[in-house]
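> The chain contents come next:
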Amino acid sequence: MNIEIKHLARMEGHANLVVDTLNGELKECRLEIVESPRFFEVMLKGRHYSDVAPIAARICGVCSVSHTLASLAATENALGVKVSAQAQGLRRLLSYGENLQSHLLHLYFMAVPDYLGVPSLLPLAKTRRDLVARALRLKKVANDLVRIVGGRPVHPVTPRVGGFSALPAAQDLKELRRRLVAALADLEETVAMFASFAVPEMARDTEYLSLAADQGYPGLGERMVSSDGIDAPVADFADILTEYFKPYANAKFARASRDTLMVGPLARFRNASDKLSPMAKKVAAVLRLDAATTNPYHGNLARLTEVVHFFEEAIHLIDTLLLKGIRAESIWVPPGGGRGAGAVEAPRGTLFHAYTYDADGRISAANCIIPTAQNLGNIEADLRALVPQLLHLPQEEITLQLEMLIRAYDPCISCSTHLVKVEYV
Amino acid sequence: MKPRVGFFDFTCCEGCQLTILNLEDEFLELLELVEIVEFREIMTGQAAALDIAFVEGSIASPEEAARLQRIRERSRTLVALGACADNAGVNALSHFCPPDELGRSAYGRVVEGIEQRLPRPLECFVQVDARVPGCPIDGQEFLGLLQALLVGRTPELPAYAVCVECKLGEYPCTFEHGTVCLGPVTRAGCNALCLAAGDRCRGCRGLVDNPRSQPYRQILEQHGLTVEDILAEFRIFNLPPEKS
Ligand code: SF4
Ligand code: SF4
Numbered sequence: 001m002n003i004e005i006k007h008l009a010r011m012e013g014h015a016n017l018v019v020d021t022l023n024g025e026l027k028e029c030r031l032e033i034v035e036s037p038r039f040f041e042v043m044l045k046g047r048h049y050s051d052v053a054p055i056a057a058r059i060c061g062v063c064s065v066s067h068t069l070a071s072l073a074a075t076e077n078a079l080g081v082k083v084s085a086q087a088q089g090l091r092r093l094l095s096y097g098e099n100l101q102s103h104l105l106h107l108y109f110m111a112v113p114d115y116l117g118v119p120s121l122l123p124l125a126k127t128r129r130d131l132v133a134r135a136l137r138l139k140k141v142a143n144d145l146v147r148i149v150g151g152r153p154v155h156p157v158t159p160r161v162g163g164f165s166a167l168p169a170a171q172d173l174k175e176l177r178r179r180l181v182a183a184l185a186d187l188e189e190t191v192a193m194f195a196s197f198a199v200p201e202m203a204r205d206t207e208y209l210s211l212a213a214d215q216g217y218p219g220l221g222e223r224m225v226s227s228d229g230i231d232a233p234v235a236d237f238a239d240i241l242t243e244y245f246k247p248y249a250n251a252k253f254a255r256a257s258r259d260t261l262m263v264g265p266l267a268r269f270r271n272a273s274d275k276l277s278p279m280a281k282k283v284a285a286v287l288r289l290d291a292a293t294t295n296p297y298h299g300n301l302a303r304l305t306e307v308v309h310f311f312e313e314a315i316h317l318i319d320t321l322l323l324k325g326i327r328a329e330s331i332w333v334p335p336g337g338g339r340g341a342g343a344v345e346a347p348r349g350t351l352f353h354a355y356t357y358d359a360d361g362r363i364s365a366a367n368c369i370i371p372t373a374q375n376l377g378n379i380e381a382d383l384r385a386l387v388p389q390l391l392h393l394p395q396e397e398i399t400l401q402l403e404m405l406i407r408a409y410d411p412c413i414s415c416s417t418h419l420v421k422v423e424y425v
Numbered sequence: 001m002k003p004r005v006g007f008f009d010f011t012c013c014e015g016c017q018l019t020i021l022n023l024e025d026e027f028l029e030l031l032e033l034v035e036i037v038e039f040r041e042i043m044t045g046q047a048a049a050l051d052i053a054f055v056e057g058s059i060a061s062p063e064e065a066a067r068l069q070r071i072r073e074r075s076r077t078l079v080a081l082g083a084c085a086d087n088a089g090v091n092a093l094s095h096f097c098p099p100d101e102l103g104r105s106a107y108g109r110v111v112e113g114i115e116q117r118l119p120r121p122l123e124c125f126v127q128v129d130a131r132v133p134g135c136p137i138d139g140q141e142f143l144g145l146l147q148a149l150l151v152g153r154t155p156e157l158p159a160y161a162v163c164v165e166c167k168l169g170e171y172p173c174t175f176e177h178g179t180v181c182l183g184p185v186t187r188a189g190c191n192a193l194c195l196a197a198g199d200r201c202r203g204c205r206g207l208v209d210n211p212r213s214q215p216y217r218q219i220l221e222q223h224g225l226t227v228e229d230i231l232a233e234f235r236i237f238n239l240p241p242e243k244s
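Residue numbers (my numbering), protein chains in the order written: chain A, 1 to 425; chain B, 1 to 244.
One should not assume that every hint holds.
[Said to hold, decoys possible] Simulated crosslink set (DSSO-like; lysine-lysine; CA at most 27 Å straight-line): (1) B:2 x A:45; (2) A:275 x A:174; (3) A:126 x B:2; (4) A:27 x A:174; (5) A:324 x A:275; (6) A:82 x A:281.
[Unchecked claim] Selected chain B positions facing chain A (Cβ under 10 Å, derived; list incomplete): (7) 2; (8) 3; (9) 140; (10) 141; (11) 199.
None of these hints come from the bench; they were simulated from the model. A virtual CB, placed ideally from N, CA and C, is assigned to each residue, including glycine.
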């Protein structure tokens with residue numbers, strides 16, 4: 001049997017899946033990354049610190065907020081810039097917004113069609129208008145959150161080195177809060193829908209890595225932890241994550257303590273389920289999601305649990321910000337250069353940026369490790385473990401289950417391309 | 001029959017497609033007006049012929065050029081969606097990097113002829129019938145263009161600069177505090193979004209028609225800058241003609 005899916009659909013970026021078996025034995029199983037590289041680490045060289053985050057944001061449209069925030073943290077750590085508590089709060093809010101945007105898009109537009117057996121959500125606009133309208137309503141709240149705090153739903157414009165160039169109006173935050181609360185009914189229906197789906201069974205243990213949960217559920221932070229015992233400052237990430245190549249795969253992978261590594265919603269849930277909001281904890285229980293799960297298909301359930309968590313946390317965070325009052329603040333950037341790293345929990349997992357600046361505030365070296373590079377090895381290992389168990393099924397069913405597995409990671413290929421190796425002929 | 005529309009992406013961040021998916025309020029209406037027959041990011045399947053192909057991203061390899069060619073052949077109208085497709089976008093920066101270093105960063109070794117694999121706008125390979133500028137595009141501008149195409153009108157872009165929108169918005173001029181802004185030479189249509197957010201314009205919408213003959217040239221001269229100084233800054237989002 002030979003399965004070859006060119007340009008996997010309903011995911012971000014371009015990849016092919018090749019599975020080849022002979023007499024019930026797996027001969028070949030690889031995820032080929034076919035997108036062209038975009039050379040961001042080289043393109044950033046020589047750029048002034050004020051242009052770095054806006055350029056880095058363009059690594060990925062879906063995760064532009066995360067790239068902006070990781071980039072700013074790396075620059076601020078390199079230059080020795082202090083960021084106020086208010087700015088930290090607004091950045092956290094922005095990060096909730098992006099995780100919501102991405103998770104909701106994934107759950108409704110990429111995952112739901114698999115469970116309903118349709119090629120996309122679009123034909124349902126007539127037959128299941130309630131469902132499509134609900135998806136759009138939820139997504140809109142998330143987009144408006146990013147727009148109100150970040151100035152634009154994709155590629156934010158207000159975050160800058162040291163803080164924000166413009167602050168949200170209290171009135172807009174109040175209105176946003178009202179809408180976040182009003183959306184809870186839609187969330188309830190979403191949870192009920194996912195609880196009714198039959199999630200494929202599978203078990204494969206791996207190393208689960210995320211930022212530390214010492215200030216609540218992993219989000220922005222300076223420490224990283226893993227299920228295999230890693231507990232280290234983010235600044236050391238390049239020593240902890242080993243980037244490597246597989247001769248057949250043409251793609252750059254990353255691992256930590258053992259051969260494979262998982263980052264993202266399921267890894268965060270595994271490492272910090274006790275730090276979830278009260279409502280999110282209930283949702284996890286309804287979805288029968290257990291902190292000891294090793295089923296990668298549970299990625300979607302963890303994603304949905306996080307959606308509820310981010311809604312609830314965003315409401316509380318807005319209350320805190322409004323109570324203190326949003327105040328204009330002056331930003332000071334010390335002259336001179338230095339080295340620094342920054343990390344955030346992007347929708348697909350822990351994202352690292354590290355820069356070296358010269359005395360004029362221009363980058364002389366840049367390094368980014370994105371979540372999908374860390375997950376790629378794990379996706380392949382899962383596929384290898386799964387294929388032999390599926391061989392008795394019809395080929396369409398195998399294909400669907402493999403595609404669903406890849407989609408459960410929501411791999412972000414266009415983002416990973418600047419780290420990818422493709423051999424030329 | 002409803003016009004058959006497809007969305008395609010090449011080397012890019014997919015932020016422009018996302019902006020279309022973010023048109024929540026208008027999205028269901030849009031589905032009434034056109035039939036979306038291809039959109040890999042959110043659907044499985046392919047279509048034989050298309051009335052309008054919206055193409056996002058730059059072209060960065062012979063394989064991509066061939067795929068673009070095939071899309072062109074089966075589409076009546078082809079629209080460049082966003083800065084990457086229109087003028088190479090941020091990808092353009094790679095044209096100013098040492099080629100050996102580019103090869104090593106992405107492939108782990110020096111790559112022969114990597115210049116041929118640097119991202120270029122669609123126009124270098126096929127005929128482009130219309131374009132939506134910006135990084136990312138503006139959702140409303142996209143809808144306006146689609147409307148024009150659906151009623152058979154030629155879509156038009158603003159012929160004045162972002163500077164005009166900035167003045168109308170009464171934002172403080174960034175030149176006043178010594179920050180170079182590309183508003184004077186950048187095509188309007190974003191409502192000076194970055195200026196409204198307290199930032200500067202980095203020229204993501206490309207060059208306005210005739211940047212030299214406009215009165216705002218004065219602003220540059222007052223601050224000791226020439227049009228050429230400003231155009232050098234333009235590299236962040238635009239591939240200069242001599243490189244394409
Ligand atoms: S133009 Fe900008 S937003 Fe659009 S695909 Fe290119 S980088 Fe992304
Ligand atoms: S102000 Fe300039 S950089 Fe900002 S969106 Fe408009 S054209 Fe693009």
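> Are the hints correct? Go through all of them and say.
Evaluation of the provided hints:
{"no.": "1", "hint": "B:2 x A:45", "in the structure": "violated, 48 Å"}
{"no.": "2", "hint": "A:275 x A:174", "in the structure": "holds, 26 Å"}
{"no.": "3", "hint": "A:126 x B:2", "in the structure": "holds, 15 Å"}
{"no.": "4", "hint": "A:27 x A:174", "in the structure": "violated, 58 Å"}
{"no.": "5", "hint": "A:324 x A:275", "in the structure": "holds, 24 Å"}
{"no.": "6", "hint": "A:82 x A:281", "in the structure": "violated, 34 Å"}
{"no.": "7", "hint": "2", "in the structure": "violated, 12 Å"}
{"no.": "8", "hint": "3", "in the structure": "violated, 15 Å"}
{"no.": "9", "hint": "140", "in the structure": "violated, 13 Å"}
{"no.": "10", "hint": "141", "in the structure": "violated, 14 Å"}
{"no.": "11", "hint": "199", "in the structure": "holds, 5 Å"}
The structure fails to meet hints 1, 4, 6, 7, 8, 9 and 10 from the earlier list, while all remaining hints are met.
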